[in-house]
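S.K.: Once you've looked at the hints, go ahead and assemble the two chains, each given alone in its own frame, into the complex.
Chains as they are written, first to last, in the numbering used here: chain A, 1 to 312; chain B, 1 to 202.
Worth flagging that the hints you see were computed from the coordinates, not collected in a lab.
Cβ coordinates follow ideal geometry from the N, Cα and C atoms, glycine included.
If a hint is listed, it holds; no wrong ones were tucked in.
Residues from chain B that face chain A, not an exhaustive set, calculated with beta carbons under 10 Å:
hint, residue
1, T53
2, M58
3, M63
Here are a few chain A residues that sit away from chain B, every Cβ distance over 12 Å (derived from the structure):
hint, residue
4, L7
5, M10
6, A14
7, G17
8, A48
9, A53
10, V56
11, R61
12, P64
13, V76
14, G96
15, G98
16, P203
17, I212
18, H225
19, I306
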Amino acid sequence: MSDVVSLSPMLGVAVIGGTLAIGAYGVVVIDRLLYAAVAGWPLSLAWAAAQPAREVATVIRRQPVTTEAPDMILWVLAPAAYAGLAATALSVVPLGPGVVVADVRTGIVVFGAAEALAIVAIFLHGWAPNSPLPMIAGYRFVGVALSYELLSMFVLIAAALPAESLSIGAIVESQQGLWNVVRQPLGLPLFLVVTAGVTFTGPLDIVDANDIAGGGAAEDSGMAHLAWAAARAAMLVAFAAAAAAVFLGGWIGPVLPGAMWMALKTLAVVVTVLAGRHLLARVRPERFVRLAWTVLLPLAFLDLAIAGAGSL
Amino acid sequence: MTLAFVVFAAAAVWTGYRVFRTDSMVRASFLLLASFLNVGAILVLMLAEYLGTALLFMMTVEMVVMALFMVMFMMNPAGLNPMEMVHQPRFAAAAGIGSAAALAAVALFGRFPANPVDPNAATIRALGSELLGGSMLVFESAGVTLLATMVCAVVLSSHRGRFGDGDEGSVAPPLEPGGDHRPEDDLVDDADGGHHMHHGGH
Numbered sequence: 001m002s003d004v005v006s007l008s009p010m011l012g013v014a015v016i017g018g019t020l021a022i023g024a025y026g027v028v029v030i031d032r033l034l035y036a037a038v039a040g041w042p043l044s045l046a047w048a049a050a051q052p053a054r055e056v057a058t059v060i061r062r063q064p065v066t067t068e069a070p071d072m073i074l075w076v077l078a079p080a081a082y083a084g085l086a087a088t089a090l091s092v093v094p095l096g097p098g099v100v101v102a103d104v105r106t107g108i109v110v111f112g113a114a115e116a117l118a119i120v121a122i123f124l125h126g127w128a129p130n131s132p133l134p135m136i137a138g139y140r141f142v143g144v145a146l147s148y149e150l151l152s153m154f155v156l157i158a159a160a161l162p163a164e165s166l167s168i169g170a171i172v173e174s175q176q177g178l179w180n181v182v183r184q185p186l187g188l189p190l191f192l193v194v195t196a197g198v199t200f201t202g203p204l205d206i207v208d209a210n211d212i213a214g215g216g217a218a219e220d221s222g223m224a225h226l227a228w229a230a231a232r233a234a235m236l237v238a239f240a241a242a243a244a245a246v247f248l249g250g251w252i253g254p255v256l257p258g259a260m261w262m263a264l265k266t267l268a269v270v271v272t273v274l275a276g277r278h279l280l281a282r283v284r285p286e287r288f289v290r291l292a293w294t295v296l297l298p299l300a301f302l303d304l305a306i307a308g309a310g311s312l
Numbered sequence: 001m002t003l004a005f006v007v008f009a010a011a012a013v014w015t016g017y018r019v020f021r022t023d024s025m026v027r028a029s030f031l032l033l034a035s036f037l038n039v040g041a042i043l044v045l046m047l048a049e050y051l052g053t054a055l056l057f058m059m060t061v062e063m064v065v066m067a068l069f070m071v072m073f074m075m076n077p078a079g080l081n082p083m084e085m086v087h088q089p090r091f092a093a094a095a096g097i098g099s100a101a102a103l104a105a106v107a108l109f110g111r112f113p114a115n116p117v118d119p120n121a122a123t124i125r126a127l128g129s130e131l132l133g134g135s136m137l138v139f140e141s142a143g144v145t146l147l148a149t150m151v152c153a154v155v156l157s158s159h160r161g162r163f164g165d166g167d168e169g170s171v172a173p174p175l176e177p178g179g180d181h182r183p184e185d186d187l188v189d190d191a192d193g194g195h196h197m198h199h200g201g202h
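The shape of chain B in the complex, shown without the other chains (with noise of 0.2 Å):
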């Protein structure tokens, strides 16, 4: 058990560390859903199996579409050439170790109630009754904000393309100066031409 949560424990600070190594926005979403499914398990231990398998699938569908978002609103098309990953490194390596070491301090120097969990407890029952019940009002509001956020964030990205803003017809510029043949006028639409339609359209 203790050797379970050291191995896990390890991975996780490990992946957790690598994420901001690695040069790729893929590799970076993935190692760190490698940190997360390391915490599920150290969950899973502590006898939270819904928190912990729920935070398996949660997280891992989180880092897919977030992977999914970065690749799409950034210059990195594959995700796979190399990439600069990080910004204000050592204000936030200084603040990454400051914040782990009071955290580590409160671990160690914090007095935590001995209160072990009958493994046949209704943890999960209890949970559900929490989450449907008491605190209904704090979760969903906060899960109708996230929604919100997610799309105004969006909504506000997108705005800009790469060849202009999105409400001004965001097109590539032409092959020439002054001409009016583009790009994507060689991806010659076999049925209807209904490619041609976007240029007379703007």
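The following block holds chain A by itself, in its conformation from the complex (with noise of 0.2 Å):
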């Protein structure tokens, strides 16, 4: 790929905390403006836009609490870590024609790996703090999680297939004529199964779930539980910016600049997550990963048959 341009280290860095930032905070703005038309509530923009900071201002001045011998590096580092994933997911996906913060030829590996270290962080979010509902949320979380994983590797690879690479940027070139979400009709919505687990939003918040009390962030306050939304919603931006790459053909269509396209896409796919949020019951977890083992990871495995025969 000659035609790459790849942003220097600095501008990369920029760009992706920038992106994040702007991306997170059109995340609880398209929230909050879905769970108003939800409830029934007058929509307004202002109200919506506002919104954030009123709950940053909110949350901010709570008073911080700790747990009893929590473990406290895990604990302050799990957000950290967490949203440190979401920017590495987001570098090596494409912004732009040719645009990518990290060009490397293994970029769906990356994200591969982005993904299944979030479970990690997620996890450790709920058990560092040393509290029996934090940690329950945690295990669950990785039974289900566990569960979904699959279903990411082989829609990932089945994108990689007509694109014969690796990189993401190489899977965007290849949707040039027809977008993978057409030629692979199961791969997007098994790849939003994966987004919303990752992000623990709508049907999969197993872990952070109000029917726990909160789950893995039971026992957060303050500054703690900022940083936390914070993260999930960088999180969903990153990978509603790999769905919109992967499967709705990234920077490619007509008359608007390609990275108008993009935010496009991925602006929907953000919407029809978040939508499902709203509209959507949790599931019960052991019904989840029963659905995932014996449906879903089926579905996985034709969408791949699915791509290996257009590719033959």
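M.R.: See the structure below:
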């Protein structure tokens, strides 16, 4: 790939940080708008746009509380690790025509590694406070996470097949003419399941769930709570961008500049996932595990078979 | 480059050492993971990009599975309580130091070919051709053997439960000697009382 613009490290850090910050803000605004829409409140963009600042102001003034004998290092580092993994995942996703922060040949594998390590960060965030409900939530999340993790591997490998490359830039290029969402119709829905799992949103809000008193985040307070929420929004941005690049043709589109198409498609994925958050009920962990291994995993195999047959 | 290698190598050794000094299964698992991540980074430095990054996610999922299964099968349900993590510590330490010294001797005194990899070489393609070509039978048999081993290990170790063998109906002992009121009877099922059927069946 000779036409790839690789950003300098400093610029790359600024681009990733800026994209994640603006994106995370947008995620919260869209989420509150969707909440208002589902609740039947009057829709006000001004209210939603001010909502993140309002919530930050509320949370930041709360007293930080701690538990008895927590693993403080892990507890403090978990949100940082989770946000760092969001940045890592986004760094291999091309944001415009040939513009990618880290143009590595194994982009999709790096993305998968960030996704797998996110499981560790989420689990340790629940395990570290040394408190029953966060710990239970952490363990039940691991059960669910091990079930969705394989789906992600298969659908991403299937997307890499027609591109004959593990680079996400090459995967976008391979969708000139026909997007993967059409060529491999099972890929995007399965990847959205994975996205809901990694960002523990909607039906897969298994870890920080209300049915377990806040779960992994039950003992978080003040800034720690804020950091975790921000990291979660950033992770959704990274996964939505990856879904847009791998399945929706990335920057490919008429008239508008490529980066604009990429932003619009990412936005569409974010809205879809967040709508699922407000419209779908949370699935019970054991029910999801059964569904994942008996229905979703065979569908992922089928997706791989379709991709293989299409690439012959 | 050299500095990065030294940092990753030192971190790999230090976290590897910490695995045996910690008192928690969860900490031990994830310290081992940290050690593997540093080894993966060294592989990436050596331009084995695919092997390095694949090691990252393989080891991550593997260590998560290991932590989960260790906690499931052992007496320490949380993994946060202190417990002794080493068996035969003297023999293990001697064997570890001995094999590390042997490997170090090979690294120091062995003669390695100077054969730098061209950064633009199609190493990933070559690796794929090897794995799914000449060495396919070896890798596939190893994979299936490992899977069978894991399934068998789970079957063998889950036979004996906390309150007796699985095939004899493993139920908690009654709260009073000779009585039939068991702890889980207090967890009343609201819907159909399905919980009580467990005892009738055995």
